[in-house]
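Enquirer: Position chain B against the provided structure of chain A, taking the given hints into account.
Protein sequences appear in the order of chains A and B. Residues 1 to 413 (the numbering used here) make up the first sequence, in order. Residues 1 to 413 (the numbering used here) make up the second sequence, in order.
It is worth saying that the hints were derived from the structure and are not from the lab. From a predicted model like this one, the values you see are computed outputs, not experimental measurements. Beta carbons are placed, not taken as given, at the ideal position from N, Cα and C, and that holds for glycine. Hints are not guaranteed to be accurate.
[As the list claims (entries may be wrong)] Quick list of in silico lysine-lysine cross-link-like pairs, DSSO-like style, CA-CA up to 27 Å:
#: 1; chain 1: A; residue 1: 239; chain 2: B; residue 2: 298
#: 2; chain 1: A; residue 1: 207; chain 2: A; residue 2: 343
#: 3; chain 1: B; residue 1: 320; chain 2: A; residue 2: 207
#: 4; chain 1: B; residue 1: 207; chain 2: B; residue 2: 239
#: 5; chain 1: B; residue 1: 164; chain 2: A; residue 2: 320
#: 6; chain 1: A; residue 1: 207; chain 2: B; residue 2: 298
#: 7; chain 1: A; residue 1: 68; chain 2: A; residue 2: 57
[What the hints assert, rightly or not] Far from chain A by the CB rule (all over 10 Å, computed), these chain B residues:
#: 8; residue: 31
#: 9; residue: 272
#: 10; residue: 410
There are 2 protein chains.
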Amino acid sequence: MDIWEIGKRAKEASRVLAELSGDVKNRALFEMAESLSEAKREILSANEKDIAAAREKGMSQALIDRLKLNESRMLSMTRGLQALADLPDPVGQGEVIKRPNGLTIMRTHVPFGVIGIIYEARPNVTSDAAGICLKAGNSVILRGGSETINSNKAIVSALVLGAKKAGIPEGAISLIEDIGHESAMALMKMREYVDLLIPRGGAGLIKAVSANSTVPVIETGVGNCHVYVDESADLEMAKHIIINAKTSRPSVCNAAETLLVHKAVAGKFLPEALNALQQKGVELRGCPETCQIFPGIKPASEEDWAEEYLDLILAVKVVKNIDEAIEHINRYGSSHSEAIVTKNYDSANEFLSRVDAACVYVNASTRFTDGGEFGFGAEIGISTQKLHARGPMGLKELTTVKYLILGDGQIRE
Amino acid sequence: MDIWEIGKRAKEASRVLAELSGDVKNRALFEMAESLSEAKREILSANEKDIAAAREKGMSQALIDRLKLNESRMLSMTRGLQALADLPDPVGQGEVIKRPNGLTIMRTHVPFGVIGIIYEARPNVTSDAAGICLKAGNSVILRGGSETINSNKAIVSALVLGAKKAGIPEGAISLIEDIGHESAMALMKMREYVDLLIPRGGAGLIKAVSANSTVPVIETGVGNCHVYVDESADLEMAKHIIINAKTSRPSVCNAAETLLVHKAVAGKFLPEALNALQQKGVELRGCPETCQIFPGIKPASEEDWAEEYLDLILAVKVVKNIDEAIEHINRYGSSHSEAIVTKNYDSANEFLSRVDAACVYVNASTRFTDGGEFGFGAEIGISTQKLHARGPMGLKELTTVKYLILGDGQIRE
Chain A
1 MDIWEIGKRA
11 KEASRVLAEL
21 SGDVKNRALF
31 EMAESLSEAK
41 REILSANEKD
51 IAAAREKGMS
61 QALIDRLKLN
71 ESRMLSMTRG
81 LQALADLPDP
91 VGQGEVIKRP
101 NGLTIMRTHV
111 PFGVIGIIYE
121 ARPNVTSDAA
131 GICLKAGNSV
141 ILRGGSETIN
151 SNKAIVSALV
161 LGAKKAGIPE
171 GAISLIEDIG
181 HESAMALMKM
191 REYVDLLIPR
201 GGAGLIKAVS
211 ANSTVPVIET
221 GVGNCHVYVD
231 ESADLEMAKH
241 IIINAKTSRP
251 SVCNAAETLL
261 VHKAVAGKFL
271 PEALNALQQK
281 GVELRGCPET
291 CQIFPGIKPA
301 SEEDWAEEYL
311 DLILAVKVVK
321 NIDEAIEHIN
331 RYGSSHSEAI
341 VTKNYDSANE
351 FLSRVDAACV
361 YVNASTRFTD
371 GGEFGFGAEI
381 GISTQKLHAR
391 GPMGLKELTT
401 VKYLILGDGQ
411 IRE
Chain B
1 MDIWEIGKRA
11 KEASRVLAEL
21 SGDVKNRALF
31 EMAESLSEAK
41 REILSANEKD
51 IAAAREKGMS
61 QALIDRLKLN
71 ESRMLSMTRG
81 LQALADLPDP
91 VGQGEVIKRP
101 NGLTIMRTHV
111 PFGVIGIIYE
121 ARPNVTSDAA
131 GICLKAGNSV
141 ILRGGSETIN
151 SNKAIVSALV
161 LGAKKAGIPE
171 GAISLIEDIG
181 HESAMALMKM
191 REYVDLLIPR
201 GGAGLIKAVS
211 ANSTVPVIET
221 GVGNCHVYVD
231 ESADLEMAKH
241 IIINAKTSRP
251 SVCNAAETLL
261 VHKAVAGKFL
271 PEALNALQQK
281 GVELRGCPET
291 CQIFPGIKPA
301 SEEDWAEEYL
311 DLILAVKVVK
321 NIDEAIEHIN
331 RYGSSHSEAI
341 VTKNYDSANE
351 FLSRVDAACV
361 YVNASTRFTD
371 GGEFGFGAEI
381 GISTQKLHAR
391 GPMGLKELTT
401 VKYLILGDGQ
411 IRE
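Chain A with its partners taken away, still in its complex shape (with noise of 0.2 Å):
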């Protein structure tokens, strides 16, 4: 189908989907969890084609892995959509203002219209992002990678099945399966039908959407994280809090890529955190003080220090304050998760309200930056942008607000 006619398709099928009823949209969660389900098959052969493409092209094992789906990982999109009927619904939630001229103002959150989501890799993210659009009453236009089209297609395919079985109209969930370059521009231009552009994936994807699109555009993902361990720290606390910040789960954008510390604890504590680091296979780059605490490591260059790894490994620099700390994450990082470790009350003061991020923790690992973890049920990425949504965006982040006026033939003086 022609995009054009895709993204008229979206918008028509978000009015209807804007009026409809909490319970409707649950049910339509369900039928499309259950229409998955029976779908497995297909969807599993359909994955296997990407697989051997991928296999063909040469991809790497470990982007080989985030393609693959199997049993587990069908299981847990079939759940995350059926976890979404429990959530509250956020349309038609807001505040109520009593004017003293009479006046009832209502400040209601309502659906955006269509939200379209460019993405790379994983597949689960065609399932959860249509069913957070839909929870949320918007049509969703997907627009995978190449390396998923398959899985993506089937997957699709199921869940529009599954939705009109609820009453969904047939536009509110679109896959553009054109998978060429134009394809995606035609979707960054597409205002008259696309009213939110959400870019998941590396920074480069995110980089091309942003000076390209003119529907406006929600950044998510880019983590270059640090942890700093300041001059008062628990050390013991502090390794903890950076082997978990790093290898928990390496790949994620909420995994540290640096870690900072204080020159007076810096040999004290580098030598022991960062041979329990090695232990775990991370590879080190540090600063030329670092190399001479902690020798045998690489020295870091300009660019690790801007570098979200995503990967094992983690750059080091010992900092003469916990100025020159702040400095650096401002300068380098993503405006994603920042992490001090102290037990000074000026110094946690001082880094929450500087460091010029999405997150700042004290004493916490920069890995709870999460829809889930943060109590907001699901999640549809990381914003690290000021405007309109910054941090974990759930489902009232993918709302917009409508002021509803009744009055009694109020005029204005």
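Expert: Showing chain B alone in chain A's frame:
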């Protein structure tokens, strides 16, 4: 000064502003008001230069009236700054979430950083925008039109002087004095220094900024607003509402531009209402049915439905039912403010839910769409977009969110 240098200084100043207490910002607002009063003579004489230049260029009297400063307009500028001091500081306000693992998550409002305002005509915007941005902890870069350059220079230099007395860094309030096209374009591309851009002015300006800016934009103030008179309307009320919406201040964005009337009441309603509008000096442009009921007026062209007149002109159309009214509004409207006059509960609900606009009214004039009228105290404009802010934008909309997370060693499983 070089525009990139202005950007850099604004960014640096924003880091200081973000940490200022409400008391200091309020003191600055009072100092700015006082400084503005003291510079009254210089400002009025600079304004005279602008007026003379405007006359020389043959600008219309209506436009010259908008440029003109006088004692009472100066007084409302200084009072506006003082009034901001009385409003609650949005910075640092927020909610607390306690998680089962012991983490305390504070969702707090923080300043954006640097806000750019590109605007036309009225010089009071210079002072209003500087005040509201400062109150919300943001640096502001002002880029007014060539027609008010002398007034703006005098106003900004007084504001900077006053702010300085309260310890506000100089970069916090800047005016781009270079009024060439390139300076506006540069401002639209300074993602490094500018966090948010708000264009204020006509549809052409808003469109140009949206199309060219790589800095995030909030579109404001284009208002093609409608009043729809339903079959069941109290016709006397409807007459008062359309007269108010059209004539109380025709040059503003929340004024009505088109009247839609249900065919069942058109014959009864239109002669009296249109006659009353004509007596107020309104030029009418009607659909064929309107011209038949009320002969002698100009026929409306297709362009009239899309036009924001900002003048004493009103397009009038008879519709066959509420569906046609809603479709007309969603097709030609600018998603600003829309009103229905009705006694029917179902019609009211349908209009509220299906009209896609920032503010939707039942039985009240569209003219109430305003930060002051909504009880927000001050506003920087009316957003007609869905991302971040929609409708009147108060102080809170000039902030973003930052999550501050306090732990005692939590790591993620």
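Enquirer: Against this structure, judge whether each hint is valid.
Expert: Against the structure, the hints:
1. A:239 to B:298: violated (79 Å)
2. A:207 to A:343: violated (38 Å)
3. B:320 to A:207: Outside the cut-off at roughly 49 Å; violated.
4. B:207 to B:239: violated (34 Å)
5. B:164 to A:320: Cα-Cα ~32 Å, so violated.
6. A:207 to B:298: violated (51 Å)
7. A:68 to A:57: holds (15 Å)
8. 31: At roughly 24 Å from the nearest Cβ of chain A, residue 31 of chain B sits farther out than 10 Å, so the non-interface label holds.
9. 272: holds (17 Å)
10. 410: Violated, since 4 Å does not exceed 10 Å.
In this structure, the hints that do not hold are numbers 1, 2, 3, 4, 5, 6, 10, in rising order.
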